[in-house]
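Protein chains in written order, with the working numbering: chain A, 1 to 164; chain B, 1 to 428.
In silico BS3-like links for lysine-lysine, alpha-carbon gap of 30 Å or less:
hint, chain 1, residue 1, chain 2, residue 2
1, B, K215, B, K201
2, B, K385, B, K201
3, B, K425, B, K385
4, B, K232, B, K201
5, B, K201, B, K184
6, A, K147, B, K215
7, B, K201, A, K123
8, A, K123, B, K215
9, A, K123, A, K147
Derived by calculation from the structure, the hints in this document are not laboratory data.
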Amino acid sequence: MNMALPSLGELREQVGTFLVEEAELADQHRYDDWLELWSPDAVYWVPCNEDDYDPARHVSIIYDDYGRLQERCFRLNSEAAHSQDPPSRLCRVIGNQQVSRGCDGNVRVRANMILVEVRAGEKNVYGARLEYTLHPEGESFKIRHKKVVLLDNDEPLGNLTFLL
Amino acid sequence: MTVVDGQETDYSSLIEEGRVHSAVFTDESIFEAELERIFYTYWVFLAHESEVPEPGDYCRKTIGRHSIVVARGTDGEVRAFFNRCRHRGTTVCRYEHGNAEFFRCPYHGWTYSNRGPLIGVPFPSRYGSDFEKNSLGLVPVPRLDNYRGFYFTSLAADGPSLADHLGRSAGYIDMFLEASPVEKVELSAGASKSNFRGNWKFVGMDGYHVNFTHKSVQDLQVRRTGNAGARKSNSDRAPNLTVDLGGGHCRLDLSLTDRVEIGKATSSLIGEIPDTDAGRQYLALMTERWGSEAEAYSKIRGSRDVHLHVWPNLQLIGSEVRVIRPLSSGYTEVFGYPSMLAGVPDEMNERRLRGYEWFNGVAGFGSPDDREVFERNQVGLQSDKEPWMVLSRGLSQAEVRDDGVVVGNITDEVTQRSQLRQWAKAMR
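Okay, chain A solo, but in the shape it has when bound:
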């Protein structure tokens, strides 16, 4: 029996709720809870120097599979990650969401992010375009693919060891 798919309006609302929840977990450094949002076949990509390319041929700021996401969270949970001791204070706003349903049942999302980071007497503002592929699970989702295109990904950057 086919479950009725949510309307696009309902889907937008579910996605909006999900993105706010993810943003909150990242801002609050709740690494284990954040990791729960990901699918085991996930790819987490923060491109470097250009916005789109073959990551097998060009260096990335982050190109994590699920195993490396677990390592990232393990490291951040440990007390030895000096670059997050003390942790960055973070506040991000996600907006301009565009939600579409793929024919494979996954949900594609594009959004913009403004993130303010305060640490060690410095305030940094990062702007990024976000792309997600979300796999529906009940009324929520698992992240299959997340791409964070930083506006200044071709500039020398400082410390991006917090969750983007």
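Dock chain B against the given chain A, drawing on the hints supplied.
Quick look at chain B alone, frame taken from chain A:
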């Protein structure tokens, strides 16, 4: 200590055997003198040939405050010019890399060929008959030379040759290339660019910090392999060495601990040869090139373990070609290029990239902690009531070998003393 500005000042007294004055890292007038006496005088790394592979390719670089264009002319020759229009000084090259037959100034349209000559001046009738267009080409860097594809420049017209400058470090550049069956690397994967609020000389060679600064990386290695070997390889009881090659060039020799143990423990940094078609093909290519499988493994590990600083601004570490860009006494940029091996299956380079990103870059698990320490170092050094830092570790036990190379235990400060002795020589 009061430091007086000016080209006549002798700064060498700030370095003593076993200690260094904090002004070396914090004083802005010393930084200005470093630009003149080190970065605008000695051979410094500029670019790699693979950044301009085809005729017309160019890339833009920075040496101190000089913007420099490296261009492969339509004749195939690599040249380097100051990125400055001869008319009013506007930069003529806007992009970090690209392909162009000419560079045109946006201000008044003066146009230069990619070999340097001024080929176009709009409305030339308003210049007098003494206007010498032929003498107004882009100014080439005074000296440009390359060692096995690594292009260096010296902004001084005279001085020792590049070969003399590189000295013993050249042999380790050779070793770095030997992980490729055609002995070539390419910087085609681009640069991972980072900055930190600290002095450029912090980006050195230090075998003592690993167990502390990089404890989180070692914890990850233990989590992954169950093997705590890496921690042992950076202790005072490890057979590994700090090595002073002379001329400020130095390295860490991490190859001496049990290779099996270290091979496992550091596998995530560069990656072992995977048990896949690509891995077997790579090993076969290397075996064919180097004569035996044992020699192939030896070359692969040798390249991985080069861990070299070519003074003043180049490092070869694991897969990385790391370039240090000093911008002020308290601000530095680091460009890290994960080198791609030429002549190997694509999968090997993909693994090399993922291994690189694991430790390096602004969101990696290792190098951000280095930069965190460098920034705290810079803050700490501002408190200079007691301005001297201790650099005497292993000083009395250092061994001078027959060829003049100085070695110490991996946790010794042989490497720092090597670089600061060279610094004092340049800054005298």
